[in-house]
Every structure is written in structure tokens, then in C-alpha cells.
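> Construct all of the structure, not just a fragment, from the sequences and the given hints.
For the record, the sequence lines run as chains A and B. In this text, residue positions in the first sequence follow our numbering: the first is 1, and each later residue adds one. In this text, residue positions in the second sequence follow our numbering: the first is 1, and each later residue adds one.
Listed next, with one range per pair, are the computed distances between beta-carbon atoms:
| no. | chain 1 | residue 1 | chain 2 | residue 2 | range |
| --- | --- | --- | --- | --- | --- |
| 1 | B | Pro115 | A | Thr76 | 39 to 47 Å |
| 2 | A | Glu103 | B | Ala29 | 16 to 24 Å |
| 3 | A | Thr13 | B | Gly41 | 18 to 26 Å |
| 4 | B | Ile112 | A | Arg81 | 35 to 43 Å |
| 5 | A | Arg112 | B | Ile112 | 18 to 26 Å |
| 6 | A | Lys17 | B | Pro115 | 42 to 50 Å |
| 7 | A | Asp18 | B | Gln71 | 44 to 52 Å |
| 8 | B | Ile60 | A | Gln80 | 38 to 46 Å |
| 9 | A | Pro8 | B | Ile112 | 28 to 36 Å |
Simulated from the structure, these hints should not be mistaken for laboratory data. All values derive from a computational prediction rather than experimental measurement. All C-beta atoms in this analysis are idealised placements derived from N, C-alpha and C, irrespective of residue type, glycine included.
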Amino acid sequence: GAGVSQSPSNKVTEKGKDVELRCDPISGHTALYWYRQSLGQGLEFLIYFQGNSAPDKSGLPSDRFSAERTGGSVSTLTIQRTQQEDSAVYLCASSLAVSTLQETQYFGPGTRLLVL
Amino acid sequence: AQSVTQPDIHITVSEGASLELRCNYSYGATPYLFWYVQSPGQGLQLLLKYFSGDTLVQGIKGFEAEFKRSQSSFNLRKPSVHWSDAAEYFCAVGESGGGADGLTFGKGTHLIIQP
Numbered sequence: 001g002a003g004v005s006q007s008p009s010n011k012v013t014e015k016g017k018d019v020e021l022r023c024d025p026i027s028g029h030t031a032l033y034w035y036r037q038s039l040g041q042g043l044e045f046l047i048y049f050q051g052n053s054a055p056d057k058s059g060l061p062s063d064r065f066s067a068e069r070t071g072g073s074v075s076t077l078t079i080q081r082t083q084q085e086d087s088a089v090y091l092c093a094s095s096l097a098v099s100t101l102q103e104t105q106y107f108g109p110g111t112r113l114l115v116l
Numbered sequence: 001a002q003s004v005t006q007p008d009i010h011i012t013v014s015e016g017a018s019l020e021l022r023c024n025y026s027y028g029a030t031p032y033l034f035w036y037v038q039s040p041g042q043g044l045q046l047l048l049k050y051f052s053g054d055t056l057v058q059g060i061k062g063f064e065a066e067f068k069r070s071q072s073s074f075n076l077r078k079p080s081v082h083w084s085d086a087a088e089y090f091c092a093v094g095e096s097g098g099g100a101d102g103l104t105f106g107k108g109t110h111l112i113i114q115p
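Here it is, written out as C-alpha cells:
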């Protein structure tokens, strides 16, 4: 079946512009995670959603970052007033549930963001 | 806070030789431990995971890992590597009994296979 998909695969933007990154989880997966992979920081957890519940935003690096999940499925990560340090690969993952980490997280191919 | 250390940034192994990638974690309770592989241009793929029980875990592609609580380690092994194993390998730890904080990843080990 289809895996996690993300769009766009690559995004180049100018400093100060807003960007939206999209994630389509595997059908039936209720948990959705966003991670950021950058050269200096490695892979870091940003935010997760369980169904339609309010997300845990504790991992977001600044208030310029926000995320939403519509209808418990597709998620959008928005970065406002982008900065050069936001350049990274943004990975999305989904799993059947978030109540236990025994559920495998399946990762998408990522969106490579470059802020000029 | 939990943390994961992968001491080797790069490892070079000859094709057919054995492999061991090191992973040490810092966590107070019983951790959930994972190894993921990321090939160039590909997403992260789960190799194996440990939650409880037998400390030697078998994964896909011929990989295995052993949980050693006394050493806070979860090293990944393969008896004979193939050129297709060249990739970035990430060890990760999760909080047992909940997944609210996502996974904490190590910085990765880049595996190079020599012919």
C-alpha cells in the first residue's frame, strides 16, 4: 500500500517568506509526527498529533513554527518568516497509535527546505 | 532527558566483513530502542526495535542488535555486509509507556562499504 507522502520534495525560499509543508500519512494511521533533520542538529522531534487531539508543541523550535492536522489525516507544517537556520529536511512519520511506541513509525521521504 | 550517542560518525567496512555500529543511551526507565537506516534519497526505514524480553533482537536485512542494560548500549550487528548496506544508520530511544515526546535520535553513523 501507499506509504507516507510529503510535498513538496524540495522547496527553495527567500528569508522572511512563509512556507507550508504537507504530509499525507498512511491511511488508518492515527498518530503523526514531524521531525527535522539538519547538519548541525541531526534528527530532532518537532511535534506530534494523535487523531484530532490538540498537538504536543513542546518540540517546536520557535513560535514561527506551527502545525495543524485536518480531519485527523493530512498535516501541514508552517514556518513563518523563514530564517536561514530553518534550512533542513523536514520528515513526517505516522503510526497506528501514539499510546505506545511499540507501534512502528513509518517515515516519508522528507521535504528539503533551503532558505536563501 | 533521554539522549542517544553514536560515537562513530563514519565507519568503513569491506564487503563481506562483519559490522558493529555502537549506540549508547541515557534514560532512567526502561527504554524503547530502535535502529533506522536511511539510504541516499530515501526515507528512514526501521531495521529493528526492542521493548522487552529477549535482549537479542533480529531485524530485517540480516541485522541484529543486543540490548545490554548494564552498559546502556544497543549495538547493531551484521555478520557479513553487502555493498547495498552503505547508508546512514540512526539509533533512537523512546519513552516506555508513552510516545508523547516522539523519538530521540542519535546523530547517525555513516557506513561506507569498500569493495
